[in-house]
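Peer 1: Top to bottom, those sequences are chains A and B. For reference, each letter of the first sequence is one residue, going 169 to 680 in my numbering. For reference, each letter of the second sequence is one residue, going 169 to 680 in my numbering.
It should be emphasised that the hints constitute simulated quantities derived from the structure, not laboratory data. It is possible that part of the hints are untrue.
Stated by the list, open to error - One side of the interface only, derived from the structure: several residues of chain B facing chain A at Cβ under 7 Å:
(1) T447
(2) H605
(3) T636
These figures come from a predicted structure and were not determined experimentally. Just so it is clear, CB atoms sit at the ideal spot from N, CA and C, and this is done for glycine as well.
2 protein chains.
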Amino acid sequence: MNAPTKPVRRGRRQRSAEAPLSQLEWQDIRNHMAPLAALSADQIEAIHHASLRLLEEYGLEVMSAEARDLFRKAGATVDDASQVVRVDRAVIEAAIATAPAQFTLTPTNPQHRLVIGGNHIHFGLVSGAPNAHDIRGGRRSGNFEDYKKLMKLGQSFNVIHFFGNQSLAPNDLAVNTRHLDTTLVNLTYTDKVFLSMSIGAGRVRDAASLIAIARGLTMDQLRDDPTAITNININSPRKFDVEMAAAAMTMAELGQATVVTPFTLMGAMTPATLPAALTQQNAEALFGVALTQLVRPGAPVVYGGFTSNVDMRTGAPAFGTPENTLANIAGGQLARRYNLPYRTSACSASNAVDAQAVWETQMALWGAVHGHGNLIYHSAGWGEGGLVADFEKVIVDCEMLQAMSQVLKPISFDEAAFGFEAHEEVEPGGHFFGAAHTMERFEDAFYSPFLSDWSNNENWRDAGARTTTERAMDIWPKVIDDYQAPPMDPARLEEMQAYIANRKQQIGSGEP
Amino acid sequence: MNAPTKPVRRGRRQRSAEAPLSQLEWQDIRNHMAPLAALSADQIEAIHHASLRLLEEYGLEVMSAEARDLFRKAGATVDDASQVVRVDRAVIEAAIATAPAQFTLTPTNPQHRLVIGGNHIHFGLVSGAPNAHDIRGGRRSGNFEDYKKLMKLGQSFNVIHFFGNQSLAPNDLAVNTRHLDTTLVNLTYTDKVFLSMSIGAGRVRDAASLIAIARGLTMDQLRDDPTAITNININSPRKFDVEMAAAAMTMAELGQATVVTPFTLMGAMTPATLPAALTQQNAEALFGVALTQLVRPGAPVVYGGFTSNVDMRTGAPAFGTPENTLANIAGGQLARRYNLPYRTSACSASNAVDAQAVWETQMALWGAVHGHGNLIYHSAGWGEGGLVADFEKVIVDCEMLQAMSQVLKPISFDEAAFGFEAHEEVEPGGHFFGAAHTMERFEDAFYSPFLSDWSNNENWRDAGARTTTERAMDIWPKVIDDYQAPPMDPARLEEMQAYIANRKQQIGSGEP
Numbered sequence: 169m170n171a172p173t174k175p176v177r178r179g180r181r182q183r184s185a186e187a188p189l190s191q192l193e194w195q196d197i198r199n200h201m202a203p204l205a206a207l208s209a210d211q212i213e214a215i216h217h218a219s220l221r222l223l224e225e226y227g228l229e230v231m232s233a234e235a236r237d238l239f240r241k242a243g244a245t246v247d248d249a250s251q252v253v254r255v256d257r258a259v260i261e262a263a264i265a266t267a268p269a270q271f272t273l274t275p276t277n278p279q280h281r282l283v284i285g286g287n288h289i290h291f292g293l294v295s296g297a298p299n300a301h302d303i304r305g306g307r308r309s310g311n312f313e314d315y316k317k318l319m320k321l322g323q324s325f326n327v328i329h330f331f332g333n334q335s336l337a338p339n340d341l342a343v344n345t346r347h348l349d350t351t352l353v354n355l356t357y358t359d360k361v362f363l364s365m366s367i368g369a370g371r372v373r374d375a376a377s378l379i380a381i382a383r384g385l386t387m388d389q390l391r392d393d394p395t396a397i398t399n400i401n402i403n404s405p406r407k408f409d410v411e412m413a414a415a416a417m418t419m420a421e422l423g424q425a426t427v428v429t430p431f432t433l434m435g436a437m438t439p440a441t442l443p444a445a446l447t448q449q450n451a452e453a454l455f456g457v458a459l460t461q462l463v464r465p466g467a468p469v470v471y472g473g474f475t476s477n478v479d480m481r482t483g484a485p486a487f488g489t490p491e492n493t494l495a496n497i498a499g500g501q502l503a504r505r506y507n508l509p510y511r512t513s514a515c516s517a518s519n520a521v522d523a524q525a526v527w528e529t530q531m532a533l534w535g536a537v538h539g540h541g542n543l544i545y546h547s548a549g550w551g552e553g554g555l556v557a558d559f560e561k562v563i564v565d566c567e568m569l570q571a572m573s574q575v576l577k578p579i580s581f582d583e584a585a586f587g588f589e590a591h592e593e594v595e596p597g598g599h600f601f602g603a604a605h606t607m608e609r610f611e612d613a614f615y616s617p618f619l620s621d622w623s624n625n626e627n628w629r630d631a632g633a634r635t636t637t638e639r640a641m642d643i644w645p646k647v648i649d650d651y652q653a654p655p656m657d658p659a660r661l662e663e664m665q666a667y668i669a670n671r672k673q674q675i676g677s678g679e680p
Numbered sequence: 169m170n171a172p173t174k175p176v177r178r179g180r181r182q183r184s185a186e187a188p189l190s191q192l193e194w195q196d197i198r199n200h201m202a203p204l205a206a207l208s209a210d211q212i213e214a215i216h217h218a219s220l221r222l223l224e225e226y227g228l229e230v231m232s233a234e235a236r237d238l239f240r241k242a243g244a245t246v247d248d249a250s251q252v253v254r255v256d257r258a259v260i261e262a263a264i265a266t267a268p269a270q271f272t273l274t275p276t277n278p279q280h281r282l283v284i285g286g287n288h289i290h291f292g293l294v295s296g297a298p299n300a301h302d303i304r305g306g307r308r309s310g311n312f313e314d315y316k317k318l319m320k321l322g323q324s325f326n327v328i329h330f331f332g333n334q335s336l337a338p339n340d341l342a343v344n345t346r347h348l349d350t351t352l353v354n355l356t357y358t359d360k361v362f363l364s365m366s367i368g369a370g371r372v373r374d375a376a377s378l379i380a381i382a383r384g385l386t387m388d389q390l391r392d393d394p395t396a397i398t399n400i401n402i403n404s405p406r407k408f409d410v411e412m413a414a415a416a417m418t419m420a421e422l423g424q425a426t427v428v429t430p431f432t433l434m435g436a437m438t439p440a441t442l443p444a445a446l447t448q449q450n451a452e453a454l455f456g457v458a459l460t461q462l463v464r465p466g467a468p469v470v471y472g473g474f475t476s477n478v479d480m481r482t483g484a485p486a487f488g489t490p491e492n493t494l495a496n497i498a499g500g501q502l503a504r505r506y507n508l509p510y511r512t513s514a515c516s517a518s519n520a521v522d523a524q525a526v527w528e529t530q531m532a533l534w535g536a537v538h539g540h541g542n543l544i545y546h547s548a549g550w551g552e553g554g555l556v557a558d559f560e561k562v563i564v565d566c567e568m569l570q571a572m573s574q575v576l577k578p579i580s581f582d583e584a585a586f587g588f589e590a591h592e593e594v595e596p597g598g599h600f601f602g603a604a605h606t607m608e609r610f611e612d613a614f615y616s617p618f619l620s621d622w623s624n625n626e627n628w629r630d631a632g633a634r635t636t637t638e639r640a641m642d643i644w645p646k647v648i649d650d651y652q653a654p655p656m657d658p659a660r661l662e663e664m665q666a667y668i669a670n671r672k673q674q675i676g677s678g679e680p
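Next up, chain A with everything else stripped away, as it sits in the complex (with noise of 0.2 Å):
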């Protein structure tokens, strides 16, 4: 389970007497589908409009001064009374354009490099849950021996390309200091990109210097070969908070990569229509793309979207609905309109992991895969419409994320692909079983799952007739407890302590 130390061969699985269960190896997934489209080209071409007719028109409310300046300097209409920012689409356009349209990010372990656009497709786990859950734990707020639970887990499933900000939100430590004692473990017990949180400047320059620390690197060098990434999101509609604005700003200035997510739920934070949600989706994450190039033209940044809808009954957050699967896929044309990256989710609303939670999930997965997300959020554990990092569900999520990154894995056309030396032995009737053929194929034909069960019902019954979900219940712990730290210059790990030990006292003393 550990992380492989040096290049390995994709699609191959990875096993020891130890492990409790065999996974693929770490992979840069890359799909080569062509991805689905929702929209027409006209209809993305209208949403384009419209949003830029968004941002003329109608503009966004810019709570901070400085963001406030650089727009007015590179021509917008700044209205210092309402804070509103309107731009037009000349303005717009020329800020993007400067944005690169892919781009990589080199954690401590640089085999886990991440590429991030084109065809690229990474996935995240859960992030940002006030609460925990497994099914003999129960459900619990959050806390930091559990958020060292759900690092580990990410750290050891292959499958796991990186983590958001904060798996879960670690409720037992201090508001103002946590993000140090959570960056700290990102770096020591995983080697994998992560999102630093992004309220206000001083949390994303802690982040990117522990990281420069922890890679060797001065905040120069970091600058030129990037590893921090955070995601701000647009308080939906048109509003833009001065912390996610210092966050954008800091991170452009350090050469380190944002994620601009407009926070889209159709009928509560934008009108109760798909093009209209996409539409403001675009103008909002445009708008902040663009905040990030007027800091520093070629900074890392990249598209985000979150659009989903309520439940127009109860005002409830829905997810993997047909709405949130369109929106998905939608917003990977939209990025691609721009040459952005992209970053989506696979969430999901149920409030177990039962069959609701599945096809949720697997809805908004299928749209975020082949709508080409780069960068795909909440892909393992996230549970109650991200309100519960749920272990059982990691472990079901890996499993269902191992089956899709099979279904892009390149198939091999060789000659003996084909099979014909097969039909040469087995008649018309026959069975392919012994086959030389088959034999030589044996080990690695098709993807072995490591929660599925196969047996027949008799044997299942006899074992205990246990669901997925209980079988899950078994897998997580043995995951943990086969865990192993990444490697950690001592020196580092020491200068690292010193940089969160000041950090806390100037903290603590109310130095920003």
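Chain A is already provided as a structure; the job is to place chain B on it using the hints.
Peer 2: Frame of chain A; chain B shown alone:
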């Protein structure tokens, strides 16, 4: 829950005070998104050429002398000792060229007619299961009472467009005559298209004859306005049984439709690679398609794919695997290569209606729908790799099929859909719940599922913390309670009963 009596606006929900659930109305679902392409154009051509080579060099063992004669007359090389028929590509290509790209089947209720081909997507109920299962009733051998219940469910759900051959095996009925009993149920409990049993000429002729009576048509009229359809399997690898050939030839003579589906579980009935399996599927399917055209050029026929893999450790069939998903997509590419309608499936192997059952079904379903499967078999209620027809799974699957149909629903892009008037009402950072634009769309803004539970965790726990599958337990009996039989002319019913009585006497006395 009745079938609509007039053309209905698609996508609108149908509600009544008595209805146990709100469901979408009957729709002619079309997938306007371009189909997914699992394989490149070059790879499809490679499979095409390899499959023609398989037919030329290896051929099929054809047990029907009549079928061998048809191929011989068409120019094939027939070895009567081994019964192997080898067919040059020119012969196959000429034969399949007369098959229609699209055709229409009209059942007793013309509103439920199916256009088969193009981007029309139709979902079928589980078919052929030897056992029945529901949570309260447990697992039992297939029986006529459960058969009737399943047909009531399939008739009640508008998202079920057709029935495969025998939702389950009514093992309590006499083997030789049960097709008459089930066909009468199909024609009196339902008014949708159903597949007839394909074992021999007599059974398909019986089904066509009963359909003609039910519709008040002569057999000549039925020939020009077909209703009947059957599915024949090739006994893969490369063996064509007498009874299946007889069924296909009879259906072609009668002007009724045949689906030709090689039974190609990779590793067992084909070599253990996807290119070999698709090559064999393609060769066998084209051979069967050609047979129908040699009988009657222009006879309606469907290219069938049923390629999945076995668990290589145990030989157990697996469904909803990455390989099955890819085969569902690639099968559509191949069918379109020949301008033929495409049949595929959405199957699962899990022993329970649990997470595994749902992800397997979703994986296969996405491959089927976005591979543009025109007839998607086993879309609702299939469990345990086909060994049970499961009542709770019917409910879960119908919910998932409704959601998928909503993904495919065309979206209005009129001026109002862009929601600018709502932005006039709502301040930055506000919400749209009370906006006039939202209120106007309150009822129908988003898809409203009948099975999902989006309540918060506390309310869900207070209500008993029931999983989705447990909730489904209460739904299907209510749907059956609310079921209403479609209308049937009493004189036609009597004529069908008389036909059946006569046929039972003939079959009982040994007549074919």
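Peer 1: With reference to the structure, classify each hint as holding or not holding.
Peer 2: For each hint, the structure was consulted:
1. Evaluation of the T447/B hint against chain A yields a held restraint, the C-beta minimum of about 6 Å falling below 7 Å.
2. Proximity of H605/B to chain A holds as hinted, the smallest CB-CB distance being about 5 Å (cut-off 7 Å).
3. For T636/B, the interface hint holds, since its Cβ comes within 7 Å of a Cβ in chain A; the closest pair sits about 4 Å apart.
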